[in-house]
Amino acid sequence: MLFNTLDFLIFFVIVVGLIGLFKFRKFQHILIIISSFYFIFYTDNFFVTILISIILLHFYIGKEIHKAGTVFRKKTYFVIGILGSLAPLGFFKYYDFTISQFNFLGEIINLESQIPLLNLALPIGISFYTFQSLSYIIDIYRGSLEPSKSLKEYAFFVSFFPALVAGPILRARQFLPQLREKIDLTQSNQNLKLIRIENSNLKFGITLISLGFFKKLFFADNIGVMVDNIFANPIGLESFSIILGTIAFGVQIYCDFSGYSDIAIGAAAILGFKIPLNFNKPFFATSPSDFWTRWHISLSTWVRDYLYYPLVLKNRKSDVLIFTSLLISMFLMGIWHGASLNFIIWGGINGIFLATYTILRKRFPKASSNIFFKTKIGKITSILITQYIVFFTFIAFRITDYDNMTYAMRKYVLLDFETANTIEIIKANEFSILLLIIFFVLHFISYSKGNISEFLSKLKLRYWFMFLLGIFMPITLFYLGSSQEFIYFKF
Amino acid sequence: MNYKIIFLLILAVSITSIILFFSMDLYIQIYDPDWHGILNSNQKIDESKKRIFIIGGSTVYSINAEHLNKKLSENEINYEVFNLADQADNPSQRLRSIENIIENKPSVVFYGLGYTNFEKFEKDNSNTILDFIYNPEEVFKNNFEILLDESINEYIPVSPKDRSLVLLKYLLRGPDDHHHPFMSFKEGEIVDLAKIRDDKETRFVTSLETKKNDKEVIALNSIIKKLQEKNIKIILFSFPYSKIMLENTDSIELENFEKMLKDKEKEFDIPVFFLHEKYADMNIWKDRLHIANNPKSIIFTEDIFEKIVKVVGK
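Each protein sequence line maps, in turn, to chains F and D.
According to our numbering, numbering within the first sequence proceeds without interruption in unit steps and concludes at 491.
According to our numbering, numbering within the second sequence proceeds without interruption in unit steps and concludes at 1314.
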């Protein structure tokens, strides 16, 4: 069920309506859990059993890890939990890719037979809810989280439908306390709270959902038309055409995914739950590491906390260890997106940039605190250099064909300074170009003004109404005419 | 729950929808060959020539008006052709803009019609409870979205973005091609028929609504009457189909379509000619429904030229 379809709108209105009408906490929680399972079942049918299995496995494994008397028992349960959740992900996402690599090797050494591929469909949201539930048992194993006492509470957390299929990846530490009844401002008991649809949350949620649709339907889908035209056959294109396509794709994927996240955060807000931001003006990042604190924040912090930190824990002074740990982390982040060469390359390039930057910063600590980088020009220079690198990595994210990808990368780096075809492309895509300009203006405004959605949701009703009209008009008048899938639904 | 917030949300959605529908109506009212948009408003066109309008759906857009005008000039025929083809056109859609066409005083109107303009869409309501349990998404789409799409398509037959952009472009600077105002007349490649057949799922046409009380037929009658009342000559022709379409069309329904057009010929005393099978086997197609806008496909335009000469003479 895509967020940008009529199906979802009807589903969401029914769920919110029932929650608002029947103020019985048991009913409300069971309704949301069943709705979340139905959300998956609606599109993915009996793949919902994978989600249910992971919930059951981690709920009981979490308890066992917590009460294990010996380190060995604790470790055994932990390994069972990790393998139990990674097995379905590995099977559905990476089986065919791995087998095709074996077959490729077999061809090289002239093996006559091939292992058949299974052509498996990827269960929706599996990458997201697997990571979400993994963080739960890792935190229990580390002793930083008490296991949930009720299966209902845990099932609610893992299956919560706004964040179920494409994140943001929730953390139990942040989410479970929100489910519980508050005793006072700082403490809560184990009872699940009554869900109330508060006016402020409703207004904030609708504001965010509207902005999410605006980003997706107005910007991402319309800019995507130009991106598809440029990258359908990039070989032969000029450098500036490749750069234009790359920038457009960067904006498209940002609007697509952050739009999705806004809808998810807004839907959760209406139900009274706070989901952390997933994007924070990434195109104003001043360094590769700054970029990863602003882009897909829930995944990058997950990788940082559960992969990178444990890898460098033993020796934070070793450059080699830092370099390889960052490289491994980003490589795995790449492969998390999909089992294909382009995502591996994307992760690898990001890893190299991030690791190089981190080592350089460590070696030359005075350079980053140089007065130049504190001036406006210094900051703009940092932003431009960072974005040049970031957009370069997007080439690997967008182009799956290896030859096309390397051609585009070459042209991006080694400029040919030809402009004839680029002018033709601009002329043929005036509307997309106009949208790019509008996007960067709005992005700058939201960067300089802070939390725009918070500000908009606090407007007086009549001004808020004008805002809604202003958002809905371009959405409907420039709607492509068919629902385009969210890019991150594939992951 | 604050009902003011919900009310304002619903109001905003309603106002936006009304404006959307209004803008679609505004779009189809721009049938003005003098139109050059705000930015080019000082340009004038030759008023001495009589006008021929070609109307119909995207399937007649590949009639090259520039080529026709060139040939008309060469043959010293004092007419100017405008191809007013518009996406997803059918008689009921066209009826809404017929007054605007009349206002622009054409001497002759060629109206290209196809049997697909009269197609009857039947919903598949045969879902069982088991279908609903096993495949709720499919059942929802079959029963709800198609219904909704049909009613919305009455107003918005193609992408709102395309309509809005065309409208904006008109308002600002007029159409790109003066003689093809509603669809961008760019040259396109011919695709081999075998490839076209492989590329998409087969589309079957099994049922048409061609009886005299059917909606599209009534609309067609009104169009003819309104044009004749203003002494505008109208010529109907069946637009071309590829053999991929014809093979998957019920032959009895095809005969019903031909009969319906012949009935109009007698009823209104107007010329009717048939092109729906003429180019079926030729490699001149862009896809199964559209002839490519390509110099190698000029035969369609040449045939129309012959018909124009027959109607307006020298």
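Hints were generated in silico from the structure; no laboratory data involved.
There could be a bad hint or two in this list.
[To be verified] Residues from chain F shown here face chain D by an in silico Cβ test under 10 Å; the list is partial: (1) I206; (2) I371; (3) F372; (4) F373; (5) F478.
Ideal placement from N, C-alpha and C gives every residue a C-beta, glycine not left out.
Right, here's what the structure says about each hint:
1. Using the Cβ-Cβ criterion of 10 Å, the hint placing I206 (chain F) at the interface with chain D is satisfied: the shortest such distance is roughly 6 Å.
2. For I371 (chain F), the shortest C-beta to C-beta distance to chain D is roughly 48 Å, which exceeds 10 Å, and the interface hint is violated.
3. Annotation: F372 (chain F) was flagged as interfacial toward chain D, and the flag is violated, the nearest CB pair being 45 Å apart, outside 10 Å.
4. Because the smallest distance between the Cβ of F373 (chain F) and any Cβ of chain D comes to about 42 Å, over 10 Å, the interface hint for this residue is violated.
5. Interface restraint check: F478 (chain F) against chain D, minimum CB-CB distance 5 Å, threshold 10 Å, status holds.
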